[in-house]
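Participant: Sequence:
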Amino acid sequence: MTMRKTEKKERRRRLGRRALMQWSLATGAALGLPRWKVFEVLEGTAGKALADDASCAPSNRSVHIVAGTGGLAWFNLLWPHVDVAEAGNAGFSWHAIGEETRAMGTAKPLVLGPESPWQDLPGARQVTALMGGTNETHTRTPQSNLSVAMNTGLFAACAAVQTASPTLTPVIAVGDVPYRNAPGAPRVAGVGSADDIVGLFDSAASRAGGLLSTEEHADLFQTQYSAWLSLRSAAGVPTWRSGVAAGTTSSRLLGTNLADALRVTDADLAHYGVSSTSRSQNIQFARTLIVTAKAFAHGLTNSVIMPAMNDDPHGAFNDMGRLRRTARELGRSLDAFYEDLAGTDDPTCSGTLADNTILSIHGDTPKNPLQRGNWPDGTPGNSNWVYVLGAGHLRSGWFGGIDRNGNVRGWDPATGEDRGDISSAQNATSAAASILYAVAKGDMRRVQDFYRGADLGGVITDATV
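The sequence shown begins at 6 in our numbering and counts up one residue at a time.
Hints listed in this document are in silico derivations from the structure and should not be mistaken for laboratory results.
A hint or two may mislead.
Pair ranges (Cβ atoms, derived) [said to hold, decoys possible]:
(1) Asp207 - Gly458: 38 to 46 angstroms
(2) Asp271 - Gly204: 18 to 26 angstroms
(3) Asp201 - Ala347: 22 to 30 angstroms
The beta carbon of each residue, even a glycine, is placed where N, CA and C say it ideally should be.
Generate coordinates for the entire structure from the input sequences, incorporating the hints supplied.
Facilitator: Printed below as a string of structure tokens:
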């Protein structure tokens, strides 16, 4: 499907807005004006909305879910291939025959089931499903759709883009998940579980008996640090700005023990739809999302890479009650995560954290969508795919897909058209680059620091070029 005239017009409008913002910021820097003064001028000449956009952080936060060892198959129950779900075939690995619905207002077709999350989002904000990569049965650390270029990992490239918005711990990896290399990427903080994320921000200085255990001492330390910055005038030196921002955050957090603020409560678990009788995989998935939402709310990190399921569910369709509960709890946890983000104002931009967070889902094999018996690992055409919640930066719906006859179609990155002559392997880097584009808030020039592949005009919604 080619881009409609209205979409092209909207892209040109956004491009003009972005060009004005970038020109204004560059001109202000050349004239020695502080950024706040540039925003003030923009508000007076082009309106408050444009000024708000210009003052936003230049990148989105991101959550990358790696559902290895066949765990990606569970997410097919949330966003199935359109023709497979609508075929009504009881032999296919679609569990909710007759309960599927088409999402409204998406750029391309998207089917939702009863457990699918985010059903109330506008069509333009719905999930983007991208054919991309190859079947890698079995591994917890898939690679085929996690590179934007040779020797350049997607997650590391996202983290490199996010360094423009300094945080205390730029990127956190939970468990055995892949984090490769990319120019400018920060070091990853590896932890074993959601509880270990809490431990990262447990300030010894603020505990009982610590140097900053009283509120007065903690406030005094932060005040003294701020005064030191003023005396050094460090904030006016470009090479100091990143360190100053991180140091200011650190001075505030050093006197704050965040263990209680990040700790998972029973109320949290209930909100995320799990209980003591849930599968351990669902509980750990919920716990990690809970801590991630809290860490984002406190400005502690820009990116979390987390595992999911890792359970190779060959026999899932042998117990439909258990299957339904697993899918329901997955969907509910994702819904609750988005609700928590939507309930928190974004301190770096207008709107909420939900407006400025990207979520992607990857795996080694999504299993065969055309056979539920023993849910085989193999996929038609050795294909693979990813799901992305792109915060409006990507066109929503399925790009490529598998039909009821087992035919596999890829997609043309330049037009978005489904193509039978393009394989999912050929779409791998384009799918990864699309995710990077969403994290970069549509700044194609930043994406091209890492990616030199096909034009992405058919999948993106706006661009800075």
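Participant: A separate judgement is required for each hint: does it hold in the structure or not?
Facilitator: Results of checking the hints against the structure:
1. Asp207 - Gly458: 38 to 46 angstroms: The hinted range 38 to 46 angstroms holds for Asp207 and Gly458, with Cβ atoms some 42 angstroms apart.
2. Asp271 - Gly204: 18 to 26 angstroms: With a Cβ separation near 20 angstroms, Asp271 and Gly204 satisfy 18 to 26 angstroms, so the hint holds.
3. Asp201 - Ala347: 22 to 30 angstroms: 27 angstroms Cβ-Cβ, so the 22 to 30 angstroms window holds.
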